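**Student:** Since each chain comes alone in its own frame, lean on the hints to assemble the complex.
So the sequences go chain by chain: P and S. Position one of the first sequence corresponds to residue 0 (numbering that gives the first Met the number 0), numbered consecutively onward. Position one of the second sequence corresponds to residue 0 (numbering that gives the first Met the number 0), numbered consecutively onward.
Just to be clear, a hint being listed does not mean it is correct.
[To be verified] Below, computed lysine to any residue pairings styled on SDA-like, alpha-carbon distance capped at 25 Å:
(1) Lys433(P) x Leu93(S)
(2) Lys395(P) x Gln89(S)
(3) Lys64(S) x Ala99(S)
(4) Lys370(P) x Ala112(S)
(5) Lys275(P) x Ala253(P)
(6) Lys64(S) x Thr1(S)
(7) Lys433(P) x Ala418(P)
(8) Lys502(P) x Gln520(P)
(9) Lys433(P) x Asp58(S)
(10) Lys395(P) x Glu372(P)
(11) Lys395(P) x His22(S)
(12) Lys64(S) x Asp46(S)
(13) Lys581(P) x Gln537(P)
(14) Lys395(P) x Leu93(S)
(15) Lys370(P) x Ala53(S)
(16) Lys395(P) x Asp38(S)
(17) Lys466(P) x Thr414(P)
(18) Lys370(P) x Pro55(S)
(19) Lys406(P) x Leu385(P)
(20) Lys395(P) x Ala112(S)
(21) Lys395(P) x Ala418(P)
(22) Lys433(P) x Gln89(S)
(23) Lys395(P) x Pro55(S)
(24) Lys395(P) x Trp14(S)
[Unchecked claim] Over the 12 Å line for every Cβ pair with chain P, so calculated as not near, a few chain S residues:
(25) Arg2
(26) Arg10
(27) Ala13
(28) Asp42
(29) Arg67
(30) Pro86
(31) Asp106
(32) Glu113
(33) Thr116
(34) Gly119
No lab work stands behind these hints, which were simulated from the structure alone. Given the structure is predicted, the values throughout are model-derived calculations rather than measurements. Virtual Cβ for every residue (Gly too), placed ideally from N, Cα, C.
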Amino acid sequence: MLQYTPFTVPMLAAALLNTGLVIAALGRPNTRGVQAFILMTGGVTFWSFCYLFHLTATDLSAQVFWANMQLIGITLAPVGWLLLALVYTGRIERIPPTVLLLLGFDPIFAVVMAFTNPLHGLFRTAISQRSFGSYTIMDAVLGPAFWVHTAIAYLLLLSGAVLLIQDLLRRPSAYRGQILSLLAALSAPWAANILFLLSSGPLSSFDTTPIAFTISGAALAYGLFRYRLLELMPVARAAVLDSMVDAVIVVDPADRVVDLNPAAAALVEGDDVTGKHLSTLTLSGEQPFKKLELTQTDQATAVGPHTYAISASPIYSRQGNTPVGRAIILRDISQQRALTETLREQNELLRQANADLKLARAEAEEASRLKNEFLATMSHELRTPLNAIMGFSQLKLMNIGGDLSDKHRFYEERTMENARHLLRLIDDILDIAKIEAGRLEILEGPIDVHDWFSEAIVEASEAAEAKGLRLVTELDETLPDIIIGDAERLRQIADNLLSNAVKFTDEGEIHFSLRRASDNQWEMVVRDTGVGIPSHAQEFIFDSFRQVDGTIQREHGGTGLGLNIVRSLVMLMRGTIRVNSKIDEGSTFTVTLPLLTTDEKVIGD
Amino acid sequence: MTRVLVIEDERDSAWVIASLLEHYDIEVEVARNGRAGLDRLADFLPDVVITDLAMPEVDGWSVLKTIRSNPETASMPVIATTAFHSPSVQRDALEAGFTAYYPKPIDADMLVAEIETMVG
Numbered sequence: 000m001l002q003y004t005p006f007t008v009p010m011l012a013a014a015l016l017n018t019g020l021v022i023a024a025l026g027r028p029n030t031r032g033v034q035a036f037i038l039m040t041g042g043v044t045f046w047s048f049c050y051l052f053h054l055t056a057t058d059l060s061a062q063v064f065w066a067n068m069q070l071i072g073i074t075l076a077p078v079g080w081l082l083l084a085l086v087y088t089g090r091i092e093r094i095p096p097t098v099l100l101l102l103g104f105d106p107i108f109a110v111v112m113a114f115t116n117p118l119h120g121l122f123r124t125a126i127s128q129r130s131f132g133s134y135t136i137m138d139a140v141l142g143p144a145f146w147v148h149t150a151i152a153y154l155l156l157l158s159g160a161v162l163l164i165q166d167l168l169r170r171p172s173a174y175r176g177q178i179l180s181l182l183a184a185l186s187a188p189w190a191a192n193i194l195f196l197l198s199s200g201p202l203s204s205f206d207t208t209p210i211a212f213t214i215s216g217a218a219l220a221y222g223l224f225r226y227r228l229l230e231l232m233p234v235a236r237a238a239v240l241d242s243m244v245d246a247v248i249v250v251d252p253a254d255r256v257v258d259l260n261p262a263a264a265a266l267v268e269g270d271d272v273t274g275k276h277l278s279t280l281t282l283s284g285e286q287p288f289k290k291l292e293l294t295q296t297d298q299a300t301a302v303g304p305h306t307y308a309i310s311a312s313p314i315y316s317r318q319g320n321t322p323v324g325r326a327i328i329l330r331d332i333s334q335q336r337a338l339t340e341t342l343r344e345q346n347e348l349l350r351q352a353n354a355d356l357k358l359a360r361a362e363a364e365e366a367s368r369l370k371n372e373f374l375a376t377m378s379h380e381l382r383t384p385l386n387a388i389m390g391f392s393q394l395k396l397m398n399i400g401g402d403l404s405d406k407h408r409f410y411e412e413r414t415m416e417n418a419r420h421l422l423r424l425i426d427d428i429l430d431i432a433k434i435e436a437g438r439l440e441i442l443e444g445p446i447d448v449h450d451w452f453s454e455a456i457v458e459a460s461e462a463a464e465a466k467g468l469r470l471v472t473e474l475d476e477t478l479p480d481i482i483i484g485d486a487e488r489l490r491q492i493a494d495n496l497l498s499n500a501v502k503f504t505d506e507g508e509i510h511f512s513l514r515r516a517s518d519n520q521w522e523m524v525v526r527d528t529g530v531g532i533p534s535h536a537q538e539f540i541f542d543s544f545r546q547v548d549g550t551i552q553r554e555h556g557g558t559g560l561g562l563n564i565v566r567s568l569v570m571l572m573r574g575t576i577r578v579n580s581k582i583d584e585g586s587t588f589t590v591t592l593p594l595l596t597t598d599e600k601v602i603g604d
Numbered sequence: 000m001t002r003v004l005v006i007e008d009e010r011d012s013a014w015v016i017a018s019l020l021e022h023y024d025i026e027v028e029v030a031r032n033g034r035a036g037l038d039r040l041a042d043f044l045p046d047v048v049i050t051d052l053a054m055p056e057v058d059g060w061s062v063l064k065t066i067r068s069n070p071e072t073a074s075m076p077v078i079a080t081t082a083f084h085s086p087s088v089q090r091d092a093l094e095a096g097f098t099a100y101y102p103k104p105i106d107a108d109m110l111v112a113e114i115e116t117m118v119g
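Looking at chain S on its own, in the form it has when it is part of the complex (with noise of 0.2 Å):
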């Protein structure tokens, strides 16, 4: 069963996206700010981290930092999300290295597909 770490400071979007994956199948484990998220990483072992890019204290950015430069995690898919899209957050995104990147509201069908072939 595919893992997803989800990490969203805002309850109501952490409600939406764990739904959904849930719906399909996906184990879903959710963390409510960036610390507690990289502290999951190690007992979790997720195939996939999803996270919110605007936090306070450790936000998404922080979180992508961490898990690249960890050997054990560097190679983990990491997907970004934000309510607070804009061309240029996308292109920062994707430069950062995150893995893809979803503009709140997500596309729920895509990124359920886009998390299958990343485990694939």
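Same shape as in the complex, but just chain P (with noise of 0.2 Å):
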């Protein structure tokens, strides 16, 4: 048999309402809190459903059975929303698990004790109905453990409701519609149910808790939209103010302190000063104290060893457009201005020692030219004397002055030796010090490969013939008839080279050939069967003024400088030089150049 209570209308409302509410908090799963809201308004749905059907029901038993099925609402909600409020003010983290399983006793205990009542008759110590015109509604008497369970209840919802006025104490204004629509979602079931525990109510049968839940339920619904309850849970914001290293004080319109984080209270001299004005606060650093303007934003103050960056930013609250505040903050950027300080000291050094550098690398140049400069000087200021004695000396020579006895003509060939040897020594001195100086220049051209070939080895045929060696020479016709190259300095290198095999040779002979290397490579050869280089000595025979050993050299003369300046030459001519020596038995000299011929070097124009 079911029945109509003037309660049921109002009862179904509060439970849809309830359900609606309960639907819209699983829509947002990721929000901090959820879980707890669900839970308080789940068992306020479950505690109006049961508390509906209880009604509607007219048999005692099935209103004794949803009666009991009730309290699983009626206990779980309070569990609920004490765990929204120690979401809410960011304690939940606080309390240990172990002790937040405690909260399952009251929901337990209840249950088990209203189900098991007529057992031991302590939850209700008797049960009978009482009926009202049309209707017919349980009437209970109530036991001690039904007492016991309603204190917990109660303990939980005033812990709940204590934590949320003491956080609504500490909230700046933007905060405070979300916290009061939480009370008053709390308040009006409150009222009701101590109305119908003291049964001084207009119906004192009935239990108005769960119409009044209506109530909380439309106060929860319009702090979940109204002031998005469960997305924007201070919490959130308090954590992270409270983490933050930068210090932030909150101030009204008119300057004065509403908040300030863990920070900056530690940086404010003070212990409490929320209401003082901006202006009075003073910072407070290790040493000396200072005052400091933080109504001046968008500046940089030291206090003792720390420099803090102060700006301020304006809060809005929800509704308006006008700020409610500004939130001044100060970041320590000591270590930033340290850095950016130690980083402009070392750019200066830097910048230092570039300048340092580049004056170095100037004077190293300058020193560089005035060298190169002396010694082109010095050559050109020593061949001018030296042209004049070679000039009269060959005047003598021509008979000019008058003819020369043999004696005479002969010490005149060798001034006239000696004053060549000289001149080829300036020469050389002078092409080292253009090839330090990055000055000597390849000036490419063609060369008739046959000309250039016969005019080469004149000069080492008669020097070879002078000291009985034969000089075979060989001319690769492979080679095409015109190549490209500087004609005078290849000159100089075959001189070098030739004049060097003969130099070191005593008997045997000197073979120069000019051959093709592969298709873009030609080389030049020059082989003797003089005394041979020692490997050890294979290596430095390049460099400058150094001959295997000082014995050789004044036994052999030269200036030490030829080998030098042939490796010079073939480098510059992108060629290579290499040697094969072997004591006793001679040397050759491979000296390997790129092949270009006339076509190519049109091509490459």
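**Tutor:** Quick look at the structure:
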């Protein structure tokens, strides 16, 4: 049998509204605190439905069953409420999970005691039915177990309320709407429940608490949608603010301190500065204390060893366009400052070092330039009188000043020969100076290979003949008739290598050949059957003024510059030179050069 | 008789060249600087000019320029000499319009032979 009571419709509305809240909360599963909210509203929903069934039933056993069932919701709602308050105020993390498990005591205790009541009668000492016109309701005399359960439930509700009220007082006004809606949600059913339990209500047999929970639901819905209760848990912000290293001071539009985070509290002189005007605040540095113009923002200020950058940003409430205050943020920029300073110093050092280096380089370049200039000038200046000596010597040898006796002629020839040697030395030194200064030019042009070859061997064949050596020459016919190169410098290379070969060979032959090495390379090879070069010396024979040993130099003459110049010239011509030698068997010098023909030169240009 | 004007600021070099050429029956006149050499051109009317390249004020390059720019002397053989020889100087000299180039010390036989072909 079912019945209709005056409470059926309001209770149904309450149940449905709370169901809606649960569904809305389920749609935001990632929101902080949503589980607690679902537990609370879910509890109320369950309670409302059970109470609805309880009222609709006419049979006493059914009424008792639903009364017992509704205890599940009744006991879970305060637990959810307290959890929500704990989450909302950011205290949930500080409570060990084992302690949280204690919250499960009342739901289990109350439900077990209610269902086992026929065994002990501690929950309801007497149960009867009362009729009010068309409907019948259950009437019970409540036992000690019920009061224990109620006390626990109230304790939970009260704890949550206290937490929220505490928080309300600390929060900036922007969050007060949220908390007020939470407290409104709490207070309505509370009042109703107290009324019911004291049985002084107009309808003492009806528990109006679920009805009052309709008001709760509405208030919570308001909080939920208007203040984004679940989405904008201030605790998230509070946690961020609390853990911030930057000091944050919140002031109202009159610049009075409303709130400050721990970092700011540690920085500001005095224990409680809330309500004080911003301009009266003093920041505590280690030494000395410094009065700070906090009202002047966007500045950097030093407090003791620290430097703070001060900035301010206006705070707007959700409703208005006018700021409800400002957040003064003090960021410790000492490290950045120090870092910047260090960086600046290092930059300065670097700049200095660079300048020094530049100067040193300029000095070195200048010294090098002066040296080369000196060498060039010197060789020019040395050459002028030497030219005169050689000129006059030449005049004498031409018998222009009268016929020379044989002795005079011999002396004159020796003079001329030594002058020539001196001239070659001067030329070599000038070449070395140019090479070191990077000013030795390679002047490339077409070379008639046959002409060049026959001219190149004239001097060497005379020198070889004079020493009783044979000069064997070989010109590879596969070489082009015309190649591109610096004829004079190539001649210098050949002269040096050939004169060395003659110089260091006492018997046997000198072999001189030009040959094609590959499609794009050609080689100049000078081979002798002379003294050879010990392998340890093969590395340094290309260095200036180095011959294998001093004795040989004195014995064989030469400037000691020839091979150095040769190597430099070959490198400038983008070629390579290598030596292959065995003591007492002879030496082979091979110069490998890129083979450029006239056609390629044209294309290349 | 072949006439050669030698422009040379260095006295001994001038002597050597003059003596050398005179030995081959060449009439030589020596000018000790570029300006004096150019002044002598009109009177002396040389067949060949031999000039040193490096001289103070009017150097060998300027002498050549002046000779080449005057239509009456433009085709006159001008031989460059220098004690400051390098391949690039030689190239520059020939490109500038010198008829021949002789690094010092001058190869007398070749110089005389060349003058004879020039005058030919």
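**Student:** Now, for every hint given, state plainly whether the structure supports it.
**Tutor:** Going down the list of hints, with the structure as the test:
no. : hint                  : result
1   : Lys433(P) x Leu93(S)  : holds (22 Å)
2   : Lys395(P) x Gln89(S)  : violated (28 Å)
3   : Lys64(S) x Ala99(S)   : holds (15 Å)
4   : Lys370(P) x Ala112(S) : violated (40 Å)
5   : Lys275(P) x Ala253(P) : holds (10 Å)
6   : Lys64(S) x Thr1(S)    : holds (23 Å)
7   : Lys433(P) x Ala418(P) : holds (22 Å)
8   : Lys502(P) x Gln520(P) : violated (29 Å)
9   : Lys433(P) x Asp58(S)  : holds (24 Å)
10  : Lys395(P) x Glu372(P) : violated (35 Å)
11  : Lys395(P) x His22(S)  : holds (12 Å)
12  : Lys64(S) x Asp46(S)   : holds (17 Å)
13  : Lys581(P) x Gln537(P) : holds (10 Å)
14  : Lys395(P) x Leu93(S)  : violated (31 Å)
15  : Lys370(P) x Ala53(S)  : holds (21 Å)
16  : Lys395(P) x Asp38(S)  : violated (33 Å)
17  : Lys466(P) x Thr414(P) : holds (21 Å)
18  : Lys370(P) x Pro55(S)  : holds (23 Å)
19  : Lys406(P) x Leu385(P) : holds (22 Å)
20  : Lys395(P) x Ala112(S) : holds (20 Å)
21  : Lys395(P) x Ala418(P) : holds (14 Å)
22  : Lys433(P) x Gln89(S)  : holds (16 Å)
23  : Lys395(P) x Pro55(S)  : violated (30 Å)
24  : Lys395(P) x Trp14(S)  : holds (13 Å)
25  : Arg2                  : holds (20 Å)
26  : Arg10                 : violated (9 Å)
27  : Ala13                 : violated (10 Å)
28  : Asp42                 : holds (27 Å)
29  : Arg67                 : holds (24 Å)
30  : Pro86                 : violated (5 Å)
31  : Asp106                : violated (9 Å)
32  : Glu113                : holds (17 Å)
33  : Thr116                : holds (20 Å)
34  : Gly119                : holds (23 Å)
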